[in-house]
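I would like the entire structure built from these sequences, with the hints used as guidance.
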Amino acid sequence: MRPAPLPASVGLRPRPRQEEGCVRCTWPRRGPRRARGRVLRRPQARPGASASPLTPRALPAVLVAGGIVAVVGQFKGWQFAAYSIAAGVLICLLEYPRGRRKKGSTMERWGQKYLTAVVKVFGLLTRNYYIRAILHAALAVPAGFLLATILGTACLGIASVIYLLAAVRGEEWQPIEQKPQERSQVWTTIKQPPAAAEGAVPAPAPAPAPALAE
Amino acid sequence: MGNWVENEGLSIFVILVWLGLNVFLFWWYYVVYNVGREYSYTRVLLGHALALARAPAACLNFNCMLILLPVCRNLLSFLRGSSACCSTRVRRQLDRNLTFHKMVAWMIALHTAIHTIAHLFNVEWLVKARLGMEGNLSYALSQLGDKPGETYLNFVRERYENPAGGLYVAFTYLAGLTGVIITLCFILIITSSTKTIRRSYFEVFWYTHHLFVIFFIGLVIHGVGRIVRRQTEESLEVHSPQQCTNYSEWGSQKCPVPQFAGNPPMTWKWVVAPMFLYLCERLVRFWRSQQKVVITKVVVHPFKTIELQMMKKGFKMEVGQYIFVKCPAVSRLEWHPFTLTSAPEEDYFSIHVRIVGDWTEGLFNACGCDKQEFQEAWKLPKIAVDGPFGTASEDVFHYETVMLVGAGIGVTPFASVLKSVWYKYCHDATSLRLKKIYFYWLCRDTHAFEWFADLLQSLETQMQERDNAEFLSYNIYLTGWDESQATHFAVHHDEKKDVITGLTQKTLYGRPNWENEFKTIAQNHAG
Chain A
24 MRPAPLPASV
34 GLRPRPRQEE
44 GCVRCTWPRR
54 GPRRARGRVL
64 RRPQARPGAS
74 ASPLTPRALP
84 AVLVAGGIVA
94 VVGQFKGWQF
104 AAYSIAAGVL
114 ICLLEYPRGR
124 RKKGSTMERW
134 GQKYLTAVVK
144 VFGLLTRNYY
154 IRAILHAALA
164 VPAGFLLATI
174 LGTACLGIAS
184 VIYLLAAVRG
194 EEWQPIEQKP
204 QERSQVWTTI
214 KQPPAAAEGA
224 VPAPAPAPAP
234 ALAE
Chain B
11 MGNWVENEGL
21 SIFVILVWLG
31 LNVFLFWWYY
41 VVYNVGREYS
51 YTRVLLGHAL
61 ALARAPAACL
71 NFNCMLILLP
81 VCRNLLSFLR
91 GSSACCSTRV
101 RRQLDRNLTF
111 HKMVAWMIAL
121 HTAIHTIAHL
131 FNVEWLVKAR
141 LGMEGNLSYA
151 LSQLGDKPGE
161 TYLNFVRERY
171 ENPAGGLYVA
181 FTYLAGLTGV
191 IITLCFILII
201 TSSTKTIRRS
211 YFEVFWYTHH
221 LFVIFFIGLV
231 IHGVGRIVRR
241 QTEESLEVHS
251 PQQCTNYSEW
261 GSQKCPVPQF
271 AGNPPMTWKW
281 VVAPMFLYLC
291 ERLVRFWRSQ
301 QKVVITKVVV
311 HPFKTIELQM
321 MKKGFKMEVG
331 QYIFVKCPAV
341 SRLEWHPFTL
351 TSAPEEDYFS
361 IHVRIVGDWT
371 EGLFNACGCD
381 KQEFQEAWKL
391 PKIAVDGPFG
401 TASEDVFHYE
411 TVMLVGAGIG
421 VTPFASVLKS
431 VWYKYCHDAT
441 SLRLKKIYFY
451 WLCRDTHAFE
461 WFADLLQSLE
471 TQMQERDNAE
481 FLSYNIYLTG
491 WDESQATHFA
501 VHHDEKKDVI
511 TGLTQKTLYG
521 RPNWENEFKT
531 IAQNHAG
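Chains A and B, in that order, give the protein sequences. For the first sequence, position 160 (counting from the first letter as 1) is numbered 183 according to our numbering, and the numbering increases by one without interruption. For the second sequence, position 47 (counting from the first letter as 1) is numbered 57 according to our numbering, and the numbering increases by one without interruption.
Treat the hints with caution; some may be incorrect.
Derived lysine-lysine pairs resembling DSS-like cross-links, with alpha carbons at most 25 Å apart [claimed, not checked]:
id	chain 1	residue 1	chain 2	residue 2
1	A	K136	B	K205
2	B	K138	A	K99
3	B	K434	B	K446
4	B	K434	B	K445
Rather than coming from a laboratory, the hints here were simulated on the basis of the structure.
Structure follows, in structure tokens:
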């Protein structure tokens, strides 16, 4: 014989919160958890979200690797490879600081803030994704003359297309700015009991002990 | 240390065996190509770069064979079911399939890099040798094949200078063209599989990953051109590379012109079986997705969680397993995993879905959860279910005292476990070996798991009614408390029911002191 199913309270209908004078209803609604002044929330996928993370840092690294091989091997035309190394490193540095999403929060990469400061200086040249797309395409072309760096050309070409699509959707690179630390003082009050401030109303004297009941 | 060996020992063993096989294959083929007589003349042209290209190629064959197997989840379920004789520890290795898949992928990346770099040197030197100067052995070897009756050693037959020569080889020879294409596919697959992209742009990851089809097709035809040349056995019998060192005398009776042949493609022998298994896997998934799944009930829980109760003919589950769900109304190609929260004893199976992304939001809307009024049953969307997968937690029924620890979202399988325990208890408490459950639940806040708190409350009531309140001892630890909460529960500390959960056992704050917990439980349950 099948045992009786679990009672209806186990999630079989929406549960109204009516317990004990509705304590849970009055519970303060918590916002996103803050830790060390940064808002941490898992980024959510939604259309129109930033395309910047879609240009992986590994793509320019392919260019650099191919360039190193050709330079070390002293292949014919190694000068193109030397150029590829320089171009690849430049793109890596440009792409390292992650851009800020329009909605929601963005996790910074380690040590990103130093490069953010540099990238910010160039203003429109680094902010605008059309310009980034053209830059990637232009830097890719000379690397196409050497077999060792041809994959790098293809990778930069793909990155260029990604930026172009992002630019068409109206995205641009915005630096992630550190928010000022707002709540750093709150925690200290837990450890220390509230001290009576000057001019504050003194605590009432303890009530006399109630008379014993008969 | 002992615990670590107990828990991780088998996984480490598997990884060491896999690494060992990689090292063996690399070393073996390196020796074959670096020492073998039949490659003596090839080594004149290419040096160590020949062996350094062929050794990783062998490892690539091995790893490309392995990479498809961990993602055949239905095959793994079959293996799991048929190895019921083996201990759970052995079967649990099958749950680490995705970790193994990623490790094999990184190994493929490493070997691809070595293979590609070595071949870049090979192409450069072969093109250069073809244009070389007279009086050079490399040049003499490269000319072989120009005259009728000769077979070539240097597969580059055209005379173009580098770097154009290299580009010409890469894009006109099948090996070069397929090599460039599949390497590019592989780079795109790997770069779109990072955690950020998987979490935030799952569709990009999923669709880009399907470039593996092009990867495998290119891989199989990569060696068809037979450009890796060796001296034939018949030629070796009459022409010894060690003795016929003066190439100007070749063609005489003592040293006839050496003859060469290309190595046949080997990769297809390694990958054809896994490709077939994967094809079967996709067919099984497709067939399963066509099976009728009926949503019998949709429940909206607080804080953006919905529960879908479903029925499917022939569906069998164990406690703690998960299923993949597809909702064609939301997306025709995406499958998403959810832990089963119902017990096997129930006549339906259920999942609890938290709305945190566009697929789950789409599901929310498709089920009519955004509307206030009741929805007609025929309006509910069609659902496809694959599974169940995962090593079951049936071990819980083999012991008298169990300790269950769930953190955050990991508490979801325990809904299934606890419900199943309750059903077994109600059915026949005496036959249940389980006598005491210690349940630890750690989470930042209970908001997303209100439905689970409801379950605990119901179980608590049931236990009390049966005079066995001691059967289930649960401890909830909230690790994300702040000052305002601290004040609130300090004020309500003495109340009978906990202010957060409404349960009799009070919620604790911060992380548990595991030393104390283990000590206390060990003392209470000696033996």
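Checked hints:
no.: 1; hint: A:K136 to B:K205; in the structure: 22 Å, holds
no.: 2; hint: B:K138 to A:K99; in the structure: 9 Å, holds
no.: 3; hint: B:K434 to B:K446; in the structure: 14 Å, holds
no.: 4; hint: B:K434 to B:K445; in the structure: 12 Å, holds
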